[in-house]
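Participant: Sequence:
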Amino acid sequence: MKLLMHICCANCALYPVSKLTADGHEIRGLWFNPNIHPYTEYQNRLEAVKRLEMLCDTEDTNPPIPPLEKGGKRGFKVEYIDEYGLKEFLRNVVGNEDNRCEYCYTTRLEETAKRAKDMSADAFTTSLLVSPYQKFDMIMDIGRMMQDRYSVEFYIEDFRKGFNEGRRMSRELGLYQQKYCGCIYSEMERYISEKT
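Sequential numbering from 1 applies to the sequence shown in our numbering.
Among these hints, one or two may not hold up.
Claimed, not checked - Only pairs whose alpha carbons sit at most 25 Å apart, straight line, appear in this in silico BS3-like list of lysine-lysine: (1) Lys161 with Lys179; (2) Lys19 with Lys161; (3) Lys114 with Lys87; (4) Lys117 with Lys2; (5) Lys114 with Lys161; (6) Lys135 with Lys19; (7) Lys114 with Lys50; (8) Lys77 with Lys114; (9) Lys161 with Lys135; (10) Lys19 with Lys2; (11) Lys19 with Lys87; (12) Lys2 with Lys114.
Please keep in mind that the hints were generated in silico from the structure rather than gathered at the bench. All of these numbers come straight from a predicted model, not from anything done at the bench.
Starting from the given sequences, assemble the full structure and let the hints guide the process.
Facilitator: Written out as structure tokens, the structure reads:
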């Protein structure tokens, strides 16, 4: 199956990409995360994904990266929509902060579904499905809605069992490890919870 995977970060991409590739799927990545703030955080995550893409084209990595293409060949291509969307994000969630995740998931999954249809992919999915900190059921509902809207399958697999494995791989590869979901509100909540 030819899959387009939305990638929220390098850490969350490692396990699903490795698993799906081992299962015989052809994976292409899509970086589109206008929800990540502040700009330094956005850049850190973007650079980590670019580094992962580069490492996947390298034969001798330490530690070794599982093959990311069928037949044991390395390679993982990512399309980048490099848009830092602070203003648009805030315009769409201010006054409705408790529902910001719905906006965030919808924006990213809709763009992924559109691109999957344009490239004649068999399906689309997201690395968000690996994190136990994300709203799994909401992501599935929005993915199914985009499946219906764009007539391209939303591939659902519960990758959460591989979350710690992906983080371990990421640490060993020296990739950036984020400390919060991505939006400015989740950053605030992280630091407030550390104080209490």
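Participant: The structure should be examined with respect to each hint, and the outcome stated for every one.
Facilitator: Verification of the supplied hints:
For the suggested pair Lys161 and Lys179, the alpha carbons sit about 19 Å apart, so the restraint of at most 25 Å is met. Distance restraint check for Lys19 and Lys161: the Cα-Cα separation of roughly 11 Å lies within the 25 Å cut-off, and the hinted pair is therefore satisfied. Between Lys114 and Lys87 the CA atoms are separated by roughly 23 Å; this keeps the pair inside 25 Å, and the hint holds. In summary, the hint linking Lys117 to Lys2 is supported, as the alpha carbons are separated by about 11 Å, within the 25 Å threshold.
This hinted pair does not check out: Lys114 and Lys161 have alpha carbons roughly 28 Å apart, beyond 25 Å. In summary, the hint linking Lys135 to Lys19 is supported, as the alpha carbons are separated by about 21 Å, within the 25 Å threshold. Restraint check for Lys114 and Lys50: satisfied, since their Cα atoms lie roughly 22 Å apart, inside the 25 Å limit. Annotation: proposed proximity of Lys77 to Lys114 holds, straight-line Cα distance about 18 Å (limit 25 Å).
Straight-line distance between C-alpha atoms of Lys161 and Lys135 comes to about 15 Å, which keeps the hinted pair within the 25 Å bound. As the CA atoms of Lys19 and Lys2 are separated by approximately 14 Å, the hinted pair is consistent with the 25 Å bound. For a cut-off of 25 Å, the pair hint linking Lys19 to Lys87 is broken: about 36 Å separates their Cα positions. Simply put, Lys2 and Lys114 have alpha-carbon atoms about 15 Å apart, close enough for the 25 Å limit, and the pair holds.
In summary, the structure is inconsistent with hints 5 and 11 from the numbered list given earlier, while agreeing with the others.
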